[in-house]
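A.B. asks: Chains as they are written, first to last, in this note's numbering: chain C, 1 to 564; chain U, 565 to 622.
If you're looking for bench data, these hints aren't it; they were derived computationally from the structure.
One should not assume that every hint holds.
Listed below are the simulated EDC-like cross-link pairs for lysine to aspartate or glutamate, each with C-alpha atoms no more than 16 angstroms apart in a straight line [as the list claims (entries may be wrong)]: (1) 261(C) to 614(U); (2) 223(C) to 590(U); (3) 338(C) to 171(C).
Away from chain C, derived, C-beta distances all over 10 angstroms, residues of chain U [what the hints assert, rightly or not]: (4) 579; (5) 589; (6) 590; (7) 599; (8) 621; (9) 622.
As the structure is a computational prediction, the values presented were derived from the model and not from experiment.
We put the beta carbon where it would ideally sit given N, CA and C, even for glycine.
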Amino acid sequence: MSNNTEFRTCPTTGLKVDLAAEKLIKVNAVAAVVFLAIGGLFGLLVALTRWPEVHLLPADFFYLALTAHGLDVLLVWIIFFEMAVLYFASAVLLGSRLAAPKFAWAGFVLMLVGAVITNIVVLQGKSSVMFTSYVPLKAEPGFYLGIILFAVGALIGCFVFFATLVVARQERTYQGSIPLVTFGAMTAAIIAVFTIASGAIILIPTLLWSLGYVANIDPILYKTIWWAMGHSSQQINVAAHVSIWYAIAAMTFGAKPLSEKVSRMAFLMYILFLQIASAHHMLVEPGFSSEWKIFNTSYAMYLAVLGSMVHGMTVPGSIEAAQRSRGLNKGMFEWLRKAPWGNPAFAGMFMSLVFFGFIGGISGVVMGTEQINLIMHNTLYVPGHFHGTVVAGTTLAFMAITYYLVPLIFRRELMFMKLAKLQPYVFGIGVAGISVFMMGAGTLGVSRRHWDMQFADAVLPFDYPSAAFLMMGLNGMSAVLAAVGGIMFVVVVVGSVFFGRKLEKDEKPSYPEVPPQSAAVAQHGSAESLKIPGTTMLVAIFFIAFVLYYFVNWKYLSEIWPLS
Amino acid sequence: MSDHNEEVDDNTPDNEPIPLMQRVLDNPFLLLFLGIAVPTVFYLIWGIIEITQIPIAD
Ligand code: HEM
Ligand SMILES: [Cu+2]
Chain C
1 MSNNTEFRTC
11 PTTGLKVDLA
21 AEKLIKVNAV
31 AAVVFLAIGG
41 LFGLLVALTR
51 WPEVHLLPAD
61 FFYLALTAHG
71 LDVLLVWIIF
81 FEMAVLYFAS
91 AVLLGSRLAA
101 PKFAWAGFVL
111 MLVGAVITNI
121 VVLQGKSSVM
131 FTSYVPLKAE
141 PGFYLGIILF
151 AVGALIGCFV
161 FFATLVVARQ
171 ERTYQGSIPL
181 VTFGAMTAAI
191 IAVFTIASGA
201 IILIPTLLWS
211 LGYVANIDPI
221 LYKTIWWAMG
231 HSSQQINVAA
241 HVSIWYAIAA
251 MTFGAKPLSE
261 KVSRMAFLMY
271 ILFLQIASAH
281 HMLVEPGFSS
291 EWKIFNTSYA
301 MYLAVLGSMV
311 HGMTVPGSIE
321 AAQRSRGLNK
331 GMFEWLRKAP
341 WGNPAFAGMF
351 MSLVFFGFIG
361 GISGVVMGTE
371 QINLIMHNTL
381 YVPGHFHGTV
391 VAGTTLAFMA
401 ITYYLVPLIF
411 RRELMFMKLA
421 KLQPYVFGIG
431 VAGISVFMMG
441 AGTLGVSRRH
451 WDMQFADAVL
461 PFDYPSAAFL
471 MMGLNGMSAV
481 LAAVGGIMFV
491 VVVVGSVFFG
501 RKLEKDEKPS
511 YPEVPPQSAA
521 VAQHGSAESL
531 KIPGTTMLVA
541 IFFIAFVLYY
551 FVNWKYLSEI
561 WPLS
Chain U
565 MSDHNEEVDD
575 NTPDNEPIPL
585 MQRVLDNPFL
595 LLFLGIAVPT
605 VFYLIWGIIE
615 ITQIPIAD
């Protein structure tokens, strides 16, 4: 295959890097961080408004900010970053040229144009319909148009990814099976195709409806198909951030999965069963049978949960095995104590794993149970849960890998080392706070997406218990902490990318340290040892927490809704 | 792309048969098909059938 692809060889890992892929990774990552900054700011404004003592924004701006927040972080930040992940996991990890870089650029431009259009339309104030845009709430046509353009661009990115897999196979740039991280990225891309197709099915008619060409869109049909997109897109995130956990474990420790076979099967469970859990958004909707609700949100979906638990065990397990093989064998936890906690890539990744499991994961399974769902549907428990998954889990993992992208792909020295070291802790603790406190407020009944929990001008007054106000105050303080952590991230990354010292052609970055065995990220195969007592202990703690919390919520349900 | 020989799997040194599951997992397009078909059937089609059976109020 002759073409004029140019490669460089990475001095740290020895990987062959297609320069066209590298450039695309850079632009997508930069666009992602810009929208994270914008969207995060809106999140802070929302949280400060929901803090009763502050109550910052007037009602109409609150709903505008909430719409912009949901769109910019959930859609724009995450998906731009995922495009970077797809190009990295295909071209770079397979040592291949990127198929059709021109298409990838076209996809990038479409996404950027779409994101800008939707942002402008939302800021004009007539489209404060939240990112879910449930009909019959009607936004301006540009709102839907922007999202559709963005989605088409992302779909092109997925096709470039699949095409690169084909190219790499044909040009034999790798041996045997693809590396696990690439397999995980492929899982994300597969889920993305279903997500975007569902989005097109529902948003194109909605655009026509907003333009006046379609008379009516059935609300329950809209909601059903919309969530095929809305929920599945969260599962793209899960597949992507789990891949990043494996990538960071490999790049920091040279860790190999305990059993590549088992890890690949866990990703297969995602491909088959994660997306059907979209039905948990319809749990209180009339018109669906319990069979449909329970099959899609419990029985079958638990296989996907099993997949997550496999990853949650094998990632720390692989780190433990790698650390023990290096002699850190004392007691149960020497391997963990002596891990590089000052390396923000590792620290961010490990917190992402713990918070995703303990906060996002447990609450998700509990809330996905049809009966228990009735006591928290549409309360602040829901945003509490998903800030545990998509912020403490996905966002923190994406931030973590960025600390490797800056030296390895942008080839810049990381600036503000002290700030970088602290950043994952500040952001992680802040986000864990907003998750837990919103869940607490939701358990006390406080609704989500609501401007005034005091019901000041309501005809029928209502008082939440004072503990709910305390929760919202703590939530506001955690939000400030999370915002500080977010700003630290943006300062370090933007500063380094634009003003950091350029690394010499063969220079290896010194911080964060990337050992030579990091090349394991591009290999497949399993660890030799299965001696992981520390991880087994962590998993046992997880299960006990899980069971207790599940039980407590059934108990709570029985008290709210006595049956005898 | 024609200057390469047909699929010879580098994975198996001695022409051992590749296990079925490994062949499935090595086939991105089969997985893509499954990942679209399962939610389309169980969530979308089944769900939409149930919606269409809701009687219309008169
Ligand atoms: C500084 C960081 C952040 C803070 C302080 C924050 C805070 C909040 C608050 C207070 C709400 C409103 C809950 C309600 O009234 O219903 C909210 C909603 C939301 N947040 Fe965040 N958030 C942050 C970061 C993020 C990130 C990084 C993501 C996604 C990756 C995210 C995704 C969402 C989504 C999807 C909603 C729901 C919007 C809606 O109901 O329409 N947030 N956030
Ligand atoms: Cu969901």
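A.B. asks: So is residue 599(U) really clear of chain C, every C-beta pair being over 10 angstroms apart?
C.D. replies: Incorrect as stated: the minimum Cβ-Cβ distance to chain C is 4 angstroms, not above 10 angstroms.
A.B. asks: Can you confirm whether the C-alpha distance between residue 223(C) and residue 590(U) stays at or below 16 angstroms?
C.D. replies: This hinted pair is violated, its Cα atoms lying about 35 angstroms apart.
A.B. asks: Is the claim that residue 579(U) lies outside the interface with chain C correct, judged by CB distances over 10 angstroms?
C.D. replies: holds (14 angstroms)
A.B. asks: Is it the case that residue 622(U) keeps its Cβ farther than 10 angstroms from each residue Cβ in chain C?
C.D. replies: holds (17 angstroms)
A.B. asks: Per the stated criterion, does the least C-beta distance between residue 590(U) and chain C lie above 10 angstroms, as a non-interface residue requires?
C.D. replies: Check fails; 5 angstroms does not lie beyond 10 angstroms.
A.B. asks: Would you say residue 589(U) is clear of chain C, with no C-beta pair closer than or equal to 10 angstroms?
C.D. replies: violated (5 angstroms)
A.B. asks: Is the Cβ of residue 621(U) farther than 10 angstroms from every Cβ of chain C?
C.D. replies: holds (12 angstroms)
A.B. asks: Can you confirm whether the C-alpha distance between residue 261(C) and residue 614(U) stays at or below 16 angstroms?
C.D. replies: violated (38 angstroms)
A.B. asks: Are the Cα atoms of residue 338(C) and residue 171(C) separated by 16 angstroms or less?
C.D. replies: Not satisfied, since the Cα-Cα distance of roughly 42 angstroms exceeds 16 angstroms.
Of the numbered hints listed earlier, those contradicted by the structure are 1, 2, 3, 5, 6 and 7.
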